[in-house]
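If you read the protein sequences in the order shown, they are chains A and B.
If you read the first sequence in this note's numbering, its first letter stands for residue 1, the second for the next number, and so on.
If you read the second sequence in this note's numbering, its first letter stands for residue 1, the second for the next number, and so on.
One should not assume that every hint holds.
[Claimed, not checked] Here are the computed lysine to aspartate or glutamate pairs in the DMTMM-like style, where the Cα-Cα straight-line distance is at most 20 angstroms:
1) B/K168 - B/E187
2) B/K168 - B/E331
3) B/K168 - B/E267
4) B/K197 - B/E226
5) A/K155 - A/E31
6) B/K375 - B/E331
7) B/K106 - A/E199
8) B/K373 - B/D322
9) B/K21 - A/E320
10) A/K211 - A/D194
11) B/K21 - A/E192
12) B/K106 - A/E320
13) A/K104 - A/E192
14) B/K168 - B/E97
15) B/K21 - A/E63
Keep in mind the hints are simulated off the structure, nothing from the lab.
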Amino acid sequence: MRLEELSTKINACLSSSTACGLCRTQCPSLECWGVESRSPRGRVALCAHLLRGDLRPSPSLSERMFSCTLCGNCDSVCPVGVGASRVIEAARGRLKEEGFLPHKYRERGTHIAREHNPYLEPHRDRFSWLPAGLSLPERAPVVYFVGCTSSYREKELARRTVELLRRMGVDFTLCADEWCCGSFLLRTGQGEVDGTRVEEMARHNLEEVRKRGARTVVVSCPGCYRAWRGDYPELGVEPDFEVLHLTQFLEREGIRAGRVEEVRVTYHDPCHLGRHMGVYEEPRRILSSLPGVELVEMPRNRENSWCCGSGGGFRAGYPEASRQVARRRLEEARETGAEILVTSCPFCLRQLKETAEAFGYALRVMDLAEFLVERCG
Amino acid sequence: MSPERPGREELGRALEEMVGKENVLTEEVDLLPYSADHFLRGLQHYFPRFRFLPDAVVTPSSTAQVSRILRFASLHRIPVIPRGAGTSLAGQLIPVEGGIVMDLKKMNRIEARVEDRMVVAGPGATYAELNRELERRGYFFPPEPGSAMACTIGGMVSTNASGSGAVKYGATRNYVLSLEVVLAGGEVVRLGRRVTKSASGYSLKDLFVGSEGTLGVITEVTLRVEPYPPLRRTTLAVFPSLEDAFRSAMEILGRGITPASLELLDELCLLALNMSGFSLPEGKGALMLRSDGRYEEAVEREMGEMEEVCRGRGAQLVGVEDEGLGRRLWEAREKISASLTKLLPSPETPRLVFQSSVDVGLPLSRMLEYVSKVKALMEEKGIMGVCFGHVGDGNVHIGSTFVPESPEQVERARSFQEEAIKLALSLGGTLTAEHGVGLWKAPYLEEEHGPVLELMRSLKRLLDPQGIMNPGKMALEGIPRVALMERWWEEG
Chain A
1 MRLEELSTKI NACLSSSTAC GLCRTQCPSL ECWGVESRSP RGRVALCAHL
51 LRGDLRPSPS LSERMFSCTL CGNCDSVCPV GVGASRVIEA ARGRLKEEGF
101 LPHKYRERGT HIAREHNPYL EPHRDRFSWL PAGLSLPERA PVVYFVGCTS
151 SYREKELARR TVELLRRMGV DFTLCADEWC CGSFLLRTGQ GEVDGTRVEE
201 MARHNLEEVR KRGARTVVVS CPGCYRAWRG DYPELGVEPD FEVLHLTQFL
251 EREGIRAGRV EEVRVTYHDP CHLGRHMGVY EEPRRILSSL PGVELVEMPR
301 NRENSWCCGS GGGFRAGYPE ASRQVARRRL EEARETGAEI LVTSCPFCLR
351 QLKETAEAFG YALRVMDLAE FLVERCG
Chain B
1 MSPERPGREE LGRALEEMVG KENVLTEEVD LLPYSADHFL RGLQHYFPRF
51 RFLPDAVVTP SSTAQVSRIL RFASLHRIPV IPRGAGTSLA GQLIPVEGGI
101 VMDLKKMNRI EARVEDRMVV AGPGATYAEL NRELERRGYF FPPEPGSAMA
151 CTIGGMVSTN ASGSGAVKYG ATRNYVLSLE VVLAGGEVVR LGRRVTKSAS
201 GYSLKDLFVG SEGTLGVITE VTLRVEPYPP LRRTTLAVFP SLEDAFRSAM
251 EILGRGITPA SLELLDELCL LALNMSGFSL PEGKGALMLR SDGRYEEAVE
301 REMGEMEEVC RGRGAQLVGV EDEGLGRRLW EAREKISASL TKLLPSPETP
351 RLVFQSSVDV GLPLSRMLEY VSKVKALMEE KGIMGVCFGH VGDGNVHIGS
401 TFVPESPEQV ERARSFQEEA IKLALSLGGT LTAEHGVGLW KAPYLEEEHG
451 PVLELMRSLK RLLDPQGIMN PGKMALEGIP RVALMERWWE EG
């Protein structure tokens with residue numbers, strides 16, 4: 001969406017009876033830097049100045065807009081329904097058009113257009129994690145859409161997901177020529193890169209699924225899930241099959257647990273799955289249904305869950321600040337007394353796991369798929 | 001003679017030496033969001049010439065740093081504007097003469113001392129954080145303003161903030177036991193002792209409560225705390241007329257009941273609550289009643305008696321048994337202004353500005369007369385607006401709307417607000433019960449205080465001889481042009 005189209009929302013935020021600052025209470029980047037220009041309200045004010053033309057695009061402005069996780073916590077507390085994260089996303093698009101896209105994001109964008117992933121990896125290695133000797137059918141009723149992060153950075157998660165689906169007896173396959181879903185591009189204001197538009201990527205993925213004859217696409221990455229269910233339709237690409245997040249699919253199909261040892265777990269809501277797409281209860285119901293599992297909540301959960309610090313390109317652009325955000329979440333998890341923090345997102349998994357290891361948290365961080373493979377073993 | 005006021009770059013370098021580079025902002029993108037507060041932001045949007053950029057923003061993390069900055073600022077006569085969360089409603093934070101905005105967010109320490117029934121907090125601690133810490137220990141700091149989730153303790157003390165609980169629990173002033181303050185010249189003083197009672201000398205801490213940053217920077221606050229009432233009950237009473245709602249409120253108070261909250265809402269406010277997801281009955285006026293305490297029988301009896309009064313005037317009652325639902329209803333009440341902003345603009349008037357700016361306090365016996373006259377004034381001037389407030393303590397809020405593109409509408413809204421304030425003063429009221437004076441109410445201060453305003457100005461000169469602390473506010477140096485709303489249109 002273009003920034004101009006959001007001007008009514010921006011005006012509503014800044015009208016003299018609002019600009020209330022509620023969004024300041026839940027903002028990871030404000031927490032890191034502590035200054036107004038890195039708060040949702042401050043960024044919306046900057047966008048108003050940009051729209052009015054009394055603030056010119058600049059590298060500094062770009063930097064303030066990109067130092068946001070787009071977690072959407074500001075959106076959930078906003079009494080006016082401004083949607084600051086959408087405004088910030090649109091501002092990124094405007095800054096990209098004006099030539100102020102930070103190099104790191106441009107480089108990854110270009111790579112996506114060429115090699116269909118943001119990790120600067122070759123496309124041919126996308127399924128290098130697949131266990132040797134595993135044979136998947138050409139066509140199947142279910143397609144597992146793996147996503148870039150599981151394919152290139154959290155390969156074990158991809159393997160575990162496949163293992164879980166096989167143990168459940170699901171007749172599934174993969175898209176042989178799966179491309180990046182485009183979430184990274186949309187979140188960083190790059191609706192089009194080097195002549196390639198995200199709509200084209202969406203259509204390609206859609207065709208890939210159709211070729212497999214699938215009626216259901218299962219995605220384990222919330223970024224991909226939002227792309228398929230939220231962004232693609234907005235771009236005019238409507239899937240004619242159902243798209244489910246893995247947690248939704250697992251709950252529907254049913255899980256049978258084998259192990260019954262008692263364990264206390266807490267669940268971290270990924271921003272893209274929870275706040276952005278409203279999937280809060282399915283993973284909780286799965287966890288609560290498992291014998292021996294005690295699910296305890298962190299004080300901030302569901303709509304006001306604290307971000308892991310990985311989203312919106314934040315981890316790539318601000319590694320140190322992103323760890324600070326993650327540590328805050330790990331502290332909350334530790335205070336629950338849980339032994340395991342379960343999430344359902346490869347980004348959150350990677351971010352929280354690495355931070356927990358780096359700072360010596362005695363807390364296991366696992367994706368729900370990994371946890372289930374272990375419990376159902 | 002004072003050294004010359006340094007330019008922006010030089011100022012930035014000097015501040016960096018004092019607090020470190022990471023705590024100083026001088027780029028336009030960082031300064032712009034500090035050029036307005038809750039009050040001016042929307043208007044600035046429409047009157048772009050009112051851009052009051054500070055020269056620098058500094059984010060100190062200790063009293064020593066604040067002291068160093070003020071010593072320097074005083075020497076060079078640089079304005080200093082202390083700032084919390086920027087939720088002020090009267091233009092308290094606008095750097096009308098540039099200078100240094102001091103964002104105190106990093107000074108957010110909270111130390112609960114419940115054994116002494118008090119809490120020590122930095123000015124940047126938020127009300128919500130403070131109460132989270134206290135509630136875990138069974139206590140709370142009661143004066144809950146509408147901005148409770150975001151506002152800071154420093155801001156609350158500086159504006160003597162309060163909210164819907166003031167009828168029973170009072171305003172911030174009633175809880176301040178001691179303040180650490182850095183005076184304009186950099187001297188650090190402690191005002192008051194950390195005791196719950198003192199009869200020792202002038203209570204200078206009280207001079208700083210509500211001083212809006214014009215006398216010094218508050219760097220630490222010690223507050224009295226109250227045991228958290230474990231029982232809270234809420235009832236919403238919807239009436240066939242606003243007058244019935246009002247008369248019921250007066251009868252409740254007249255019976256000697258002091259409810260935890262007693263809020264008056266008009267028809268449009270009810271609509272705003274329904275927009276927040278509630279399904280409340282339609283009516284012309286409503287009361288939100290809250291009773292709290294330790295003993296169920298006492299809470300039930302108090303609420304029962306209030307409900308009986310309301311029923312006697314034809315009210316439909318919506319009892320809220322569930323505390324979670326009650327909390328959501330009170331949260332929605334606090335967001336009424338914001339909800340109205342969502343409600344009011346239409347495709348025909350997409351740029352309708354809603355300004356909830358009148359915040360007068362009245363003797364209880366004059367409130368009905370005031371509300372009736374204001375409603376008549378609205379009608380006469382063709383103003384679309386709302387009337388609500390903390391009826392239990394005589395505090396009335398009036399919100400009005402205008403289309404900023406229309407000079408005629410801007411002027412009509414301005415003259416309406418002015419008349420609403422002057423009417424309150426003529427009835428023995430005060431021009432602000434909880435929002436403070438700031439910029440926009442400065443033109444009316446003399447009418448309320450007469451020659452006492454000069455005494456206030458003398459105190460200001462005594463404590464801030466260089467006039468660096470938050471200049472332009474509270475009419476202490478005269479009335480800045482920006483406060484004269486009639487000039488906004490032609491200058492904007």
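Does the alpha-carbon distance linking B/K373 and B/D322 stay inside the 20 angstroms limit? The given pair, whose Cα atoms are some 38 angstroms apart, is violated under the 20 angstroms limit.
Check the hint pairing B/K21 with A/E192 against an upper bound of 20 angstroms on the C-alpha distance. violated, 38 angstroms
Given the hinted pair B/K106 and A/E320, is their Cα-Cα distance within 20 angstroms? holds, 19 angstroms
Against the 20 angstroms threshold, does the CA-CA distance of B/K168 and B/E331 hold or violate the hint? holds, 19 angstroms
Hinted pair B/K375 and B/E331, Cα distance within 20 angstroms: violated, 26 angstroms
Holds or violated: A/K155 to A/E31, with C-alpha atoms at most 20 angstroms apart: Distance ~32 angstroms between A/K155 and A/E31 Cα, so the pair is violated.
When you check the alpha-carbon spacing of B/K168 and B/E187, does it fall within 20 angstroms? Violated, at about 37 angstroms.
Against the 20 angstroms threshold, does the CA-CA distance of B/K21 and A/E63 hold or violate the hint? holds, 18 angstroms
20 angstroms Cα cutoff - pair B/K197, B/E226: holds, 15 angstroms
Quick one, are B/K168 and B/E97 close enough, alpha carbons at most 20 angstroms? violated, 40 angstroms
Does the alpha-carbon distance linking A/K104 and A/E192 stay inside the 20 angstroms limit? Holds. A/K104 to A/E192 sits at ~16 angstroms (cutoff 20 angstroms).
Given pair status - A/D194, A/K211, alpha carbons within 20 angstroms: violated, 27 angstroms
Hint compliance for this structure: hints 1, 3, 5, 6, 7, 8, 10, 11, 14 are broken, all remaining hints hold.
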